[in-house]
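Colleague: What follows is each chain in one-letter form.
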Amino acid sequence: MGSSNPILDEVKPAILKEVDPVDIPRPALVENNRSFSWITDKICGIVEEKTPTWWWVCFIIACAGASFTVMGLVYLVATGTGVWGLANPANWGWAIVNFVFWIGIGHAGTLISAILCLLRQKWRTSINRAAEAMTIFAVVCAGIFPVFHVGRVWMAWFLFPIPNANAIWPNFRSALLWDVFAVSTYGTVSVLFWYVGLIPDLASVRDRAKNKIRQVLYGIFAMGWRGSNRQWSNYEMCYLLLAGLSTPLVLSVHTIVSFDFAISLLPGWHTTIFPPYFVAGAIFSGFGMVLTLMLPLRAIYRLEDLITQYHIDCMTKIILATGTMVGYAYGMEFFIAAYGANDFEIFAFVNRAFGNYAWAYWIMISCNVISPQFFWFKKIRENTALVWIITIFVNIGMWFERFVIAVTTLTRDFVPSSWGYYSPTIIDIFTYLGTFGLFSVLFLLFLRFLPLMAMAEIKVVTPQADPHNH
Amino acid sequence: MANQHGIIAKFDTPAGIMHAAEKVRDAGYKNWDVITPFPIHGMDPAMGIKRSLVGRFTIVGGTIGLTTGMLMIWFTGASELSLPYMDGYKLIVGGKPYFSPQFAFPVSYELTILFSAFASIGGMFILNKLPRHHHPVLKYKDVAASSDDKFFLYIQNEDPQFDGEKTRSFLKNLGPVEVGELEE
Amino acid sequence: MSEDFSPNPKKWLAIGVVGLTISFVGFFVDTQLAVWSYLIGLIFITSIAVGMLFLVMIHHIFDAEWSVIVRRQAEHYISALPYMGFLFIPLFIITYMGKDQGILWLWMNQDAPLHGHGTVSTDILYQKKTWWLSETFFWARAFFCFAVWTYFARAFRKNSFTQDQDGSPNHTFSSRKHAAAGLILVALTWTSAAFDWIMGLEYHWFSTMFGVWIFASAMRAALSVMLLTCAFLVAKGPLKGILNTKHLHDVATLAFAFTVFWAYISFSQYFLIWNANIPEETFWFNDREKGIWWPISMILIFGYFLFPFLYMLQFPLKTNFKSMTFMATWVLGLNLLDVFFNVLPSLKDSHGEPFQLFSSFHNIIWYISGVAGAGGVLLWAYWSSFLKTKIIPIRDPRIRDCLNHNH
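Chains as they are written, first to last, in this note's numbering: chain W, 24 to 493; chain S, 635 to 818; chain C, 1460 to 1866.
Calculated from the structure, these hints are not laboratory results.
Small disclaimer: the values here were computed from a predicted structure and weren't measured.
Quick reminder that beta carbons are idealized off the backbone N, C-alpha and C, glycines included.
Among the hints, erroneous ones may be present.
To be verified - Once the Cα atoms are required to be at most 20 Å apart in a straight line, the calculated SDA-like pairs of lysine to any residue come out as:
1. Lys1699/C with Arg1859/C
2. Lys1636/C with Leu39/W
3. Lys340/W with Leu142/W
4. Lys1705/C with Gly267/W
5. Lys730/S with Phe1744/C
6. Lys1695/C with Lys1705/C
7. Lys235/W with His767/S
8. Lys235/W with Ala778/S
9. Lys401/W with Ile1520/C
10. Lys1699/C with Leu39/W
11. Lys657/S with Gly267/W
Stated by the list, open to error - If you want the footprint, here are the derived chain S segments under chain W, 3+ residues with CB under 8 Å:
12. 705-716
13. 803-815
Construct the entire structure; sequences and hints are all you get.
Modeller: Structure follows, in structure tokens:
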């Protein structure tokens, strides 16, 4: 082992003889010493096996759920945006809340694939593929709300600076237009990143294909990948660069989403900490969703050797960390509202905690700040069922966070005569709940047709992949 | 028999292929490669491959993206230029300047990333000469194992040092599981 | 350790004492500016030490392996934290008991005239902030901050140094637990310090982002000092053959990451205020566009962000000790300029105009003495601690992985 470091061989300072590390072994990332081919068989097996019954049951339920979104949207297009509960003074309601919620969910996928890649956190390999898929499907769900909120959805192309007969350009001073660019870039780059990651695994599926159709279809998307090291060299550099690009991208997307609120002059919205606070919240909710999805899959497909307790520990700790950051931001907002001595700002925050929507505020606080604190305890982190329940609370809490931000401020604006109480309509509720169906449909299809985990990357983190390990 | 493309050797372990690669590199071969199911840490120096050039593409893409964004926003909001099918015009919105790098930044930034990502992936495909579905390696009988758990090394007959029998016995001496022919 | 390398901590203490003495003389010659310069030096050096504390905690929380060698250097730097607390005592005496209590934080003097509208005590904004802007509370907070930092600094140092002797894994576990709690407490205390010491200089102004901004700034300062330390120790011998270019590359990459993070935070803060254009907030930036502060803000954008960003994008430069020495010096210098930019325009003349950096040539004496005083003490603390311990944590669980860490 020692001979691998040429510099050490040259000089060998005396202190190195004294080196005698304490033994605290790192947890294995793949348990039970699984071989390369076991990993390939396990993951390709999920795609190759006969469609299980539970899959069909879930798929049909998910389709039925998704149909609610479709019906809601059809009704909206046919009637008008008035079918949503938006009315003065709350002209932003569930639509923006759902949009920010779903975009936020997506952020964990990019975080796992990009930031953890840059930080060389090897445990990401077991979960990054599914998390990236989650990102893409979440962006799809998120996109629905702003696009349909424009009302005449067939005019949505006006959002892009396309030279047109009227020579009308979009307004580049508007945060909503920045959103268009941010979210479409985010969607595109996430798909590309995901796809680049998939190429070697698609080649594996292609090479194992038993029939011609599968071979050709997977073959086309595998681009003729042959795992040559001259290719791996460029491939890895490309992957690293994409990770490097996705990191500022994921930060910028939620930053720009936070600009939707923060560049305004409204109390409770115009706060400089919004960008990092939104990003932390997004990662928080995203990790919640990753665990919500992965824990059942781990049980169904018996993936305990690949998603180990160590993986769960890492993810719960990130939830704990980001939940605490979000708590820090809540604290800063209150502190600066008080310290800034602006009456409107003070009112906005007192109203959040004790006003009409206090119930929503306290749901948010208990789900986002209090519930993750349970993850301090090892016993709870090791209880999969409890972890799963807490992640559900995290998801609920983060939805309420956006609800609190959007609605409390809007329904209590500067002029008391225009104050109101915002409630969603049944169409709002159906459209939103339906997106969970849509998300599940997409995710189930992903499960069926694409390798759930990045096989090539998991193989790299096994001990036998180390060429110095004899 | 079809034309020969090269000679291929199969290995069982990452360590095996790594040592073989080091020897092939030291023997001075140029047109050769290894096929592995995953990137092996330290294989690039073992093969004598230089740092990948994908980054150059990224820089170019990013620069183009940033410039495009800034120019687009300046053109549509602060210029009165007339181009085919599009005219810039000035319009005051929200008391903001016609153009300022501040509000142009978010969109230009996104375009920087978008173009960089396109360029990186495009660059990777160009440098890797992909897609290519008919590479001789893909025709080798056993190659499917290379995306599972086996490791291959092949030397092309185009290599200036290539010499049928000598190269074959050289490869045999590297400790492979088996050695075979690659067909064109 | 190399035999021919024998650092002398007393030399640095001497520099510190000279700096402090000049600042002390300055107190009688050019009272206000000398005190402000002293504060600037103190904030700058404290931010380095706090940044180092963050580095230690981040190392433990990630159970990182590459940074074990580097962490030992950070452990030396954090020994300076209690001394920084002592260096605050003169400011406490001046503002709590002195004649002109508002000399630094204007609000501490109830009768200080505000340009254009009465005095502090008649200022509605002050009246609404008295719950926080109370002198006793202010100094209690400062004391609490230093107490927290000192506690954690001692805990990490003790764990790490004792492990060298007894090789018990419990020290590592203890450090991890301390790191988890410490990250929360140090983040909160450093925020409070940033609000009090810097934002409070201009008590009308407020920004929720400010704590994060100063955190980013501290990390950049600490990482620059860390790069310089690594390069110095490799050049002089003690870490030669131990710390390789891969370690350097990793520290440089962190420095790069925080360059981007700092830019992100500064841009977001500036941009939100610029775009909303509310006078209550914009005046802070407007003051920093007057006179020399305008070119300085441009230097910060291009020199403190863009140049380091493009420079550190390049792999060959990040893996070269000489080129990173240059960049670390550059960033550290501009970090200090950034502290000046943050602090000094809050000092107003009788017309309410911001103080100009080079209003008089001899200003520079107080600037240098302010930084040298605290800086000398920091390096004295560093070298004293350095001499007492092993150059690397020989019993750390990840030390072997760290030594084998290579490209």
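Colleague: Run every hint past the structure and note whether it holds.
Modeller: Hint by hint, here is what the structure shows:
1. Lys1699/C with Arg1859/C: holds, 16 Å
2. Lys1636/C with Leu39/W: Distance of about 28 Å is beyond 20 Å: violated.
3. Lys340/W with Leu142/W: holds, 16 Å
4. Lys1705/C with Gly267/W: The given pair, whose Cα atoms are some 18 Å apart, holds under the 20 Å limit.
5. Lys730/S with Phe1744/C: Distance ~17 Å between Lys730/S and Phe1744/C Cα, so the pair holds.
6. Lys1695/C with Lys1705/C: holds, 19 Å
7. Lys235/W with His767/S: Holds. Lys235/W to His767/S sits at ~15 Å (cutoff 20 Å).
8. Lys235/W with Ala778/S: Status holds; Cα separation ~15 Å.
9. Lys401/W with Ile1520/C: holds, 15 Å
10. Lys1699/C with Leu39/W: holds, 11 Å
11. Lys657/S with Gly267/W: Outside the cut-off at roughly 34 Å; violated.
12. 705-716: holds (count 4)
13. 803-815: Check failed, 0 qualifying residues.
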